[in-house]
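Novice: Those protein sequences? They're chains A and B, same order as listed.
Note that my numbering has the first sequence beginning at 20, numbered continuously upward.
Note that my numbering has the second sequence beginning at 350, numbered continuously upward.
To be clear, the hints were calculated from the coordinates, so they are not data collected in a lab.
Treat the hints with caution; some may be incorrect.
Said to hold, decoys possible - Derived EDC-like pairs: lysine to aspartate or glutamate, alpha-carbon spacing no greater than 16 angstroms straight-line:
1) B:Lys450 x B:Asp408
2) B:Lys380 x A:Asp52
3) B:Lys458 x A:Asp52
4) B:Lys450 x B:Glu418
5) B:Lys485 x A:Asp52
6) A:Lys63 x B:Glu422
7) B:Lys458 x A:Glu58
8) A:Lys63 x B:Glu418
9) B:Lys405 x B:Glu360
10) B:Lys380 x A:Glu58
Said to hold, decoys possible - Label pairs and their calculated CB-CB ranges:
11) B:Ser388 x A:Phe43: 27 to 33 angstroms
12) A:Ser81 x B:Glu360: 17 to 23 angstroms
13) B:Ala363 x A:Met48: 39 to 45 angstroms
14) B:Val483 x A:Leu77: 31 to 37 angstroms
15) A:Cys47 x B:Lys397: 21 to 27 angstroms
16) B:Ser388 x A:Glu36: 37 to 43 angstroms
17) A:Ile92 x B:Phe489: 27 to 33 angstroms
Note that this is a predicted model, so its numbers are computed, not measured.
We treat Cβ as the ideally placed atom computed from N, Cα and C, and that holds for glycine.
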Amino acid sequence: MICIDQCLILEQNAFAEKLGPLGFDAFCMLVVDFMHECELGTWKALFTHLIRLLYALLGGDSLVASLNYRFVIHLLYIYNTDSMKLRFRQIPSFGHGVIRKFANNTSEMKRLAA
Amino acid sequence: MPVFEGLFPGEHDAIVQSLLYNFAHWHALAKLRMHSETSLLALDETFKRLSHQLRKFRDFMCVAFTMMELPRESAARERKAARERAGLSNPDAGSGSQKAKKFNLSTYKFHAMGDYVRSIQLFGTTDSFTMQIVRKSIIFIFSRLNLISD
Numbered sequence: 020m021i022c023i024d025q026c027l028i029l030e031q032n033a034f035a036e037k038l039g040p041l042g043f044d045a046f047c048m049l050v051v052d053f054m055h056e057c058e059l060g061t062w063k064a065l066f067t068h069l070i071r072l073l074y075a076l077l078g079g080d081s082l083v084a085s086l087n088y089r090f091v092i093h094l095l096y097i098y099n100t101d102s103m104k105l106r107f108r109q110i111p112s113f114g115h116g117v118i119r120k121f122a123n124n125t126s127e128m129k130r131l132a133a
Numbered sequence: 350m351p352v353f354e355g356l357f358p359g360e361h362d363a364i365v366q367s368l369l370y371n372f373a374h375w376h377a378l379a380k381l382r383m384h385s386e387t388s389l390l391a392l393d394e395t396f397k398r399l400s401h402q403l404r405k406f407r408d409f410m411c412v413a414f415t416m417m418e419l420p421r422e423s424a425a426r427e428r429k430a431a432r433e434r435a436g437l438s439n440p441d442a443g444s445g446s447q448k449a450k451k452f453n454l455s456t457y458k459f460h461a462m463g464d465y466v467r468s469i470q471l472f473g474t475t476d477s478f479t480m481q482i483v484r485k486s487i488i489f490i491f492s493r494l495n496l497i498s499d
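So that you can see chain A by itself, here it is in the shape it has in the complex (with noise of 0.2 angstroms):
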């Protein structure tokens, strides 16, 4: 059954069957993700419609670059390395995913790491 209005689905799954009788709740068992939630899923969320504000702006090209020079600056800042050149794709990447190499273009945010 489907109620279109409120995206209301039901559907059965094997922890529904299995453990229903013995009246346990599978949505209790359920916890948040915070990497897909909030990282990649609110936070997300919220940076893209930032930069479509950008966008919006009037001369939003110029702005959305001047951000992308900022973080470059801000990550050359956090690293410590030569910060007179831009040579932030030359960081080699460090450990398992620790640090990783940068994304040539924030606002595209391509490669985002979590």
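Following the hints, complete the assembly by docking chain B onto the known chain A.
Specialist: Quick look at chain B alone, frame taken from chain A:
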């Protein structure tokens, strides 16, 4: 939040700054690896402020401007349309226009942000059940097997 400072005009700048600050504050608190009653209380208070700011952002700023798709979003949509046209063998010129986009707060992910305090109380801190651990180990295993280069 110096990265966004001064990019938005006038009073909108203050709204964005305050929103970003609250989001960062909430994010930092939610990511803590040790919690006490006090820190959970702070997390709850921060979320109240954050949700207020998010609604303010949606109701005041998003009404003032008409937001369009990002260039990559419209490009992706056109690629998809082109693929579907190819399937229909009825090639039609792409519109090249950008669709208007609204900020949508009515999603599960935004709704679930309010449940973090309860989750932490029940199951422990968020680092113990985030998908990040799984994702990192999968990347590690796959890179050992030389299946992917990342």
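Novice: Now tell me if each hint is right for this structure.
Specialist: Evaluation of the provided hints:
no.: 1; hint: B:Lys450 x B:Asp408; in the structure: 14 angstroms, holds
no.: 2; hint: B:Lys380 x A:Asp52; in the structure: 11 angstroms, holds
no.: 3; hint: B:Lys458 x A:Asp52; in the structure: 9 angstroms, holds
no.: 4; hint: B:Lys450 x B:Glu418; in the structure: 6 angstroms, holds
no.: 5; hint: B:Lys485 x A:Asp52; in the structure: 14 angstroms, holds
no.: 6; hint: A:Lys63 x B:Glu422; in the structure: 14 angstroms, holds
no.: 7; hint: B:Lys458 x A:Glu58; in the structure: 10 angstroms, holds
no.: 8; hint: A:Lys63 x B:Glu418; in the structure: 15 angstroms, holds
no.: 9; hint: B:Lys405 x B:Glu360; in the structure: 12 angstroms, holds
no.: 10; hint: B:Lys380 x A:Glu58; in the structure: 11 angstroms, holds
no.: 11; hint: B:Ser388 x A:Phe43: 27 to 33 angstroms; in the structure: 31 angstroms, holds
no.: 12; hint: A:Ser81 x B:Glu360: 17 to 23 angstroms; in the structure: 21 angstroms, holds
no.: 13; hint: B:Ala363 x A:Met48: 39 to 45 angstroms; in the structure: 42 angstroms, holds
no.: 14; hint: B:Val483 x A:Leu77: 31 to 37 angstroms; in the structure: 44 angstroms, violated
no.: 15; hint: A:Cys47 x B:Lys397: 21 to 27 angstroms; in the structure: 25 angstroms, holds
no.: 16; hint: B:Ser388 x A:Glu36: 37 to 43 angstroms; in the structure: 39 angstroms, holds
no.: 17; hint: A:Ile92 x B:Phe489: 27 to 33 angstroms; in the structure: 32 angstroms, holds
Violation of the numbered hints given earlier is confined to hint 14; every other hint is satisfied by the structure.
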